[in-house]
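Protein chains in written order, with my numbering: chain A, 1 to 412; chain U, 1001 to 1132.
Calculated from the structure, these hints are not laboratory results.
Hints are not guaranteed to be accurate.
What the hints assert, rightly or not - Reference excerpt, derived from the structure (chain A facing chain U, CB under 8 angstroms, subset only):
1. I157
2. I162
3. V410
The beta-carbon is built from N, C-alpha and C at its ideal position, and this holds for glycine as well.
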Amino acid sequence: MEILERFLKALEGIFTDSGLMTLGWQNYVMIAVACVLFYLAIKKQYEPLLLLPIAFGMLIVNLYPSIMAAPETTLMSAADCIKAKGTTQGYAVTMLDGVKYYNVPHYGGLFYYLYQGVKLGIYPPLIFLGVGAMTDFGPLIANPKSFILGAAAQIGIFITFIGAIFLGFTDSQAGAIGIIGGADGPTAIYVTTKLAPELLGSIAIAAYSYMALVPIIQPPIMRALTTKKERAVRMEQLRPVSKLEKIIFPVIIVIVISILLPDAAPLVGMLMFGNLLKESGVADRLSKTAQNELMNIITIFLGITVGATATGTNFLTLSTIKIIVLGLLAFMMGSACGVLFGKIMYKVTGGKVNPLIGSAGVSAVPMAARVSQRVGQEENPGNFLLMHAMGPNVAGVIGSAVAAGVLLNVLR
Amino acid sequence: MELMDKFTISASMLLTGFTIVFSVLIFLIFIIWLYGFIITKAQEKAVDLKREKKKVKIERKPEEKPEPPVNKKHIFTAEKDDSLSEEVVAVISAAVYSIYGSKEKVKIKSIKKSASRSAWGNAGIINNTRPF
């Protein structure tokens, strides 16, 4: 009889602890959202390297929320401690009103510890290290005027800031939402963890989703703002850039930006360090590690823990809808401003610059540059804009880090 | 937040952001242009110096026919290789022309097949020259 009673009690315990009893409707909605992201990542191949870990983090945290639980300590009397743990030895003691209490720790969930890399702003600069080691700044050095297009594409960030303020967000939250317009995932995460950590899940997912949707969002804007003649412009071959110029570039950039905008130094510094490893040619092993193993490991940790911040109760709010709308606006404004400045450069240079390369000023590397190339080739199949668009594209990475530095400096 | 406060914060952020981002990046344009200019000049000077030295050496050897005076920036020197077809020569010439254009005088003196690389060497080159 006692055996049966114990068996039933165990079944009851398992049932009450199961997801069937503990999960709310919001968790089930988020599980469905995660499945949609799986579909987009696997079937449509939209940024699968990021979307897949994000979606999986989202799925698992909504099935088992304790995986993100923070560690805590319970004060137990000696009797309770012996009952629970079998001993009082090895536990720190706290005296309260002359009574001895033992500090019994409860460890946090797996993702809680991995998430510290996001929370403390460690992962985004490490991702930038890998990005720097993979990036060729040659097109930007050959044509430094590309920096103007990289700067123009950041205007969307500040215009969206205004929209967010008027939609009722605080100035710090508005800054974090605006940075989505930079189309740079690590920068968006870095700024959000510093300014509005409570919005991290929504902002990161919006930022990465829009980066994945660059080939869908940008072309209509590019076509609407340019004429057929402008889109067909063939640009002159870029000058060859010497190795010495490429080596000096990261050193100069990090010195200038760190002096002028110290808040941007962690991002720009790591970006340029990665690039120096690549260009110096003397640290091949480090360069390869930065662009492969390290980058992949950090991408997994970053993606899965950012996804894990999107619990049902956090994510399914009116704020998320506003963030998604504002993020799209920021992204579209950034692309449009880049194209408009491209048009100005087209006029100023007497038709030597194709305005389509302006949209690449948002820093979704190299996707935005590829879109410029594709739209340019639609008008003129013999037109090769890719390397010209890479200039504004990598300038956009530096530009969004500078914009992040401005936001952190002003709003923190 | 009052409506007036919202206007003030928005306008000041737009102005600050626009001004600083553009100023910093325009400053970088100037810096990159400057050091690019200095390095290019220094490297051209070094090439000229090398050429001068070579010329002096040639002048000291009267039995050898001196090289015709060259005011071209890029010279390709390699041995003649008869195994190359005319089509390959035409393609290489077109590629060189597309890089340097008609403004610079470029002369292809000879084209030679490079020594064949090992599979590992080829893999290394592909890995290093692939943009992303």
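Verification of the supplied hints:
Taking 8 angstroms as the C-beta cut-off, the interface hint given for A/I157 holds, the closest approach to chain U being about 7 angstroms. Because the closest C-beta pair between A/I162 and chain U is about 4 angstroms apart, less than 8 angstroms, the hint holds. The interface hint given for A/V410 holds, since its Cβ lies 6 angstroms from the closest Cβ of chain U, which is under the 8 angstroms cut-off.
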